[in-house]
Amino acid sequence: MTSARPLTVLIAAALVAIAQPARGQGTRPVLTTRADGTAYGCLVCHADKRRAFVQGVHSEWGIRCHDCHGGDPVALEVGPAHAGEFVGAPDKLQTVEICSSCHADPDQMRQYGLPADQFAELKTSRHGQLLEAGNRDAPTCSDCHDPHTTLPSSDARSATFPTNIPRTCGRCHSDTEMMEPYGLVIDQLEEFRQSAHGRAIFEDGNFAAPSCIGCHGSHAALPPDVGEIVNVCGRCHIDVRRALASGPHGGTTESGNVLLGCTACHTNHGTESIDSESIAETCARCHEEDDAAVRLGEQIEEGVVRAEREMESAREAISELGITGRRTSDARFRYRHALTEFRQIAEVQHGFDVEQLTDLELKISSITKGIEAAAEVAVEERWEHRLLLIPLWFFALSIAALAYFRLRKA
Amino acid sequence: MRERTTEWLRQFRDDIRQSADPALLGVLRVFGLLYGKIDRDVPIDQSLRKSWNRRLPANVNWKHAFGGIAYFLFMILVVTGVLLTFYYRPSVDEAYPSIQFIVSEAPFGWLLRDMHVWAASLIVVALLAHMARILFAGAYKPPRETSWFVGIALFAVVIIFGVTGYLLPWDQWAYWATAEFTSGVERIPLIGGMIAMFMRGDRLVSSATLSRFFALHVIVLPWLAFGLISLHFVIIRSHGIAGSEHAPEGEGTLFYPNHLMRLIVVSVFLIAVVGTLAALFPRPVGDPATPFYPPDDLVSTWVLVDVTIALLRFVGPVGVFVALLLVAALALLPLFDRKPETDLRKRPVVAILGIILFGGFILAWAIGHQVTVPIGSDTIPQELLEERALPPEPAPDLGGETGAIQSGGEATEEVVE
Numbered sequence: 001m002t003s004a005r006p007l008t009v010l011i012a013a014a015l016v017a018i019a020q021p022a023r024g025q026g027t028r029p030v031l032t033t034r035a036d037g038t039a040y041g042c043l044v045c046h047a048d049k050r051r052a053f054v055q056g057v058h059s060e061w062g063i064r065c066h067d068c069h070g071g072d073p074v075a076l077e078v079g080p081a082h083a084g085e086f087v088g089a090p091d092k093l094q095t096v097e098i099c100s101s102c103h104a105d106p107d108q109m110r111q112y113g114l115p116a117d118q119f120a121e122l123k124t125s126r127h128g129q130l131l132e133a134g135n136r137d138a139p140t141c142s143d144c145h146d147p148h149t150t151l152p153s154s155d156a157r158s159a160t161f162p163t164n165i166p167r168t169c170g171r172c173h174s175d176t177e178m179m180e181p182y183g184l185v186i187d188q189l190e191e192f193r194q195s196a197h198g199r200a201i202f203e204d205g206n207f208a209a210p211s212c213i214g215c216h217g218s219h220a221a222l223p224p225d226v227g228e229i230v231n232v233c234g235r236c237h238i239d240v241r242r243a244l245a246s247g248p249h250g251g252t253t254e255s256g257n258v259l260l261g262c263t264a265c266h267t268n269h270g271t272e273s274i275d276s277e278s279i280a281e282t283c284a285r286c287h288e289e290d291d292a293a294v295r296l297g298e299q300i301e302e303g304v305v306r307a308e309r310e311m312e313s314a315r316e317a318i319s320e321l322g323i324t325g326r327r328t329s330d331a332r333f334r335y336r337h338a339l340t341e342f343r344q345i346a347e348v349q350h351g352f353d354v355e356q357l358t359d360l361e362l363k364i365s366s367i368t369k370g371i372e373a374a375a376e377v378a379v380e381e382r383w384e385h386r387l388l389l390i391p392l393w394f395f396a397l398s399i400a401a402l403a404y405f406r407l408r409k410a
Numbered sequence: 411m412r413e414r415t416t417e418w419l420r421q422f423r424d425d426i427r428q429s430a431d432p433a434l435l436g437v438l439r440v441f442g443l444l445y446g447k448i449d450r451d452v453p454i455d456q457s458l459r460k461s462w463n464r465r466l467p468a469n470v471n472w473k474h475a476f477g478g479i480a481y482f483l484f485m486i487l488v489v490t491g492v493l494l495t496f497y498y499r500p501s502v503d504e505a506y507p508s509i510q511f512i513v514s515e516a517p518f519g520w521l522l523r524d525m526h527v528w529a530a531s532l533i534v535v536a537l538l539a540h541m542a543r544i545l546f547a548g549a550y551k552p553p554r555e556t557s558w559f560v561g562i563a564l565f566a567v568v569i570i571f572g573v574t575g576y577l578l579p580w581d582q583w584a585y586w587a588t589a590e591f592t593s594g595v596e597r598i599p600l601i602g603g604m605i606a607m608f609m610r611g612d613r614l615v616s617s618a619t620l621s622r623f624f625a626l627h628v629i630v631l632p633w634l635a636f637g638l639i640s641l642h643f644v645i646i647r648s649h650g651i652a653g654s655e656h657a658p659e660g661e662g663t664l665f666y667p668n669h670l671m672r673l674i675v676v677s678v679f680l681i682a683v684v685g686t687l688a689a690l691f692p693r694p695v696g697d698p699a700t701p702f703y704p705p706d707d708l709v710s711t712w713v714l715v716d717v718t719i720a721l722l723r724f725v726g727p728v729g730v731f732v733a734l735l736l737v738a739a740l741a742l743l744p745l746f747d748r749k750p751e752t753d754l755r756k757r758p759v760v761a762i763l764g765i766i767l768f769g770g771f772i773l774a775w776a777i778g779h780q781v782t783v784p785i786g787s788d789t790i791p792q793e794l795l796e797e798r799a800l801p802p803e804p805a806p807d808l809g810g811e812t813g814a815i816q817s818g819g820e821a822t823e824e825v826v827e
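The listed protein sequences correspond, in order, to chains A and B. For what it's worth, the numbering used here labels the leading residue of the first sequence as 1, then goes sequentially. For what it's worth, the numbering used here labels the leading residue of the second sequence as 411, then goes sequentially.
Heads up, a few of these hints could be off.
To be verified - If the Cβ cut is set under 8 Å, some of the chain A residues that face chain B in the computed set are:
id	residue
1	R51
2	V54
3	H148
4	T149
5	P152
6	Y182
7	I186
8	G322
9	R326
10	V379
11	R382
12	R386
13	L388
14	W393
15	A396
16	A410
Just so you know, these hints were derived from the structure itself, not from any lab. Note that the coordinates shown come from a computational prediction; the quantities given were computed from them, not determined experimentally. Ideal placement from N, C-alpha and C gives every residue a C-beta, glycine not left out.
Go ahead and model the full structure; you've got the sequences and the hints to work with.
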């Protein structure tokens, strides 16, 4: 063992020399040496981890292997290096403990502007409860956050970046085998991708739209309680929540049961959009066909459909104006006004206020009629152009007749 | 008073007779209102009468009208084009609004613009018909080969006129048709990139392209066209109309009134036809040009755009190369076919070449006109679409989504401007 020591040191020195920082790393800290200039022993065996680690935010802030794994980083042999409170591959609970040793400490987190409540939140979540119960399926910190390449959520490579969150959650929640014992469905991810929220995130890059954590929370992940659904959705859809609260669906049933809230009509992950022509049909899912509620739904449906047609006609009129070379800025401005009113219908219909709906419909109609009138003028003018053909052909035929008579005379 | 006026007018006519050089009648000849040489040894009125009393060769008939029709269409293009430049402003910010002004506010601006558009297509058809007659009649053969070459050059000038003019409305259709055309040019081996760069003045169709296309369209090409037309006419006059050498002397139709009356009737009818097409089928105004996305559909408003799109999309680079070779063979035909034989049945190669070219043109025109999908709309990789696994979003209307009410909440963000 003693004779092998110089050789080990030589190899270690060679590895340290080879393990130069990757190109483009700039001023990032180098893991090959410690602050006091001594060699960093972990890399003698774990050089493969270095590349991943230097890309992470922990590396940037000077966190090193031994800060999480313990052991002696100066030692160049396995025995001494792994001595003491060394944790090689922490299990799930140990991972939570290691991470929370810093991340649950406000004093340490303050300097980075990070919250220190993740651990407390995790304990309230279903994931945390399962973890504490020793469940091996439940995710620990490193299942969502790469333990070595730990990246902030603002980094597009991070598993917690908005567009990556659904896939991160889906790693477990789309796994049939894993979800089966818990009786959980596995189609959330696919449903979410097709939903308005999913399209906003994936297609429009609109990160204000909620991913999984927007409704369920992240570290405190739990499905919202039935009574909480309206509040969860209402965090973003504020006006709709207010309108809903003012209507018959805003309270509880006569028997005191809490209504299903938004998901009763719109489902949860798929955020099903109710087609304007299916409003009454949607009411009939819960209410009897001959119920007054369905009649009310029909009234609302008719109003919404009429307003939609008005908007459609206005759009066609603007297209017509454009094609005929008319300036459309005024019509577009007025269309925007109509659109503002039209959007309110989406809110008003949740309060089942037919009177207000009719008011909005009339406002929309008066604006769109103005746009259509402008387009009609353009179309009429275009038609009037054809009247020019009468003198034109009269002239042409007259010339032809004169020429004919002149030629006959010749 | 009446006598004094009559006397003054007589005096005025006599002054003109005595002072005006008969060579001034050359101006009328430029417009096709005279035929043959002008006698400069007699007063101008006698010279005019003498010219009008000339007879056209007996072999001249309606088949010979296509050249004149093309020329008159060119005149329509010049007049409407000059009037359009009174209002048109050649910059990316102002071109589109100025077109809107022309078609919706300027007095008879719509008529000028749509007559210009239709005349630009009809002149190509007229020139092709004229070329077909010359080709099949063997009128390109010596000594008229120079006239043929000048005619081919004129046809090329008309094509460049069309290409440069097509971009000027600066709407999506104009922009993306030009982008597709210049991309096609770019694919020519070795020199394509250089030519495309020269055409565009930039890596993509931009303000630089608009400026140089406008300059070519209204400054360079008109001078070139007038020069070539004059040369074409001079050569025709020097050699006479093909076949007239065999026509019996002293026979044929009188220039006035027979030919001149027909000329006037054809011209007036041509104006009526172009005006009718302009009134019934005006060129729609597309959305303002943007390099960021292609239009939802491609609306072609020039016959050669249809032909070019058909060649680029369906025949590919090799086919375009073969088509260009055939055109080159047609252009250089007088150098190889120098025998005096004019009977088409004894010239099978020329007949086949003509049928392939003119028939192919009509076929390409018909096929190209069916294409409504702009280039670029199919360039999104399928893998990317699959990775997203999202249903295709309906095409944005009015520059953005104007979608239905999301009953589940607020409507999606809508952009109207």
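Q. Which numbered conditions among the earlier hints are violated in the structure presented, ordered from lowest to highest?
A. 1, 2, 3, 4, 5, 6, 7 and 10
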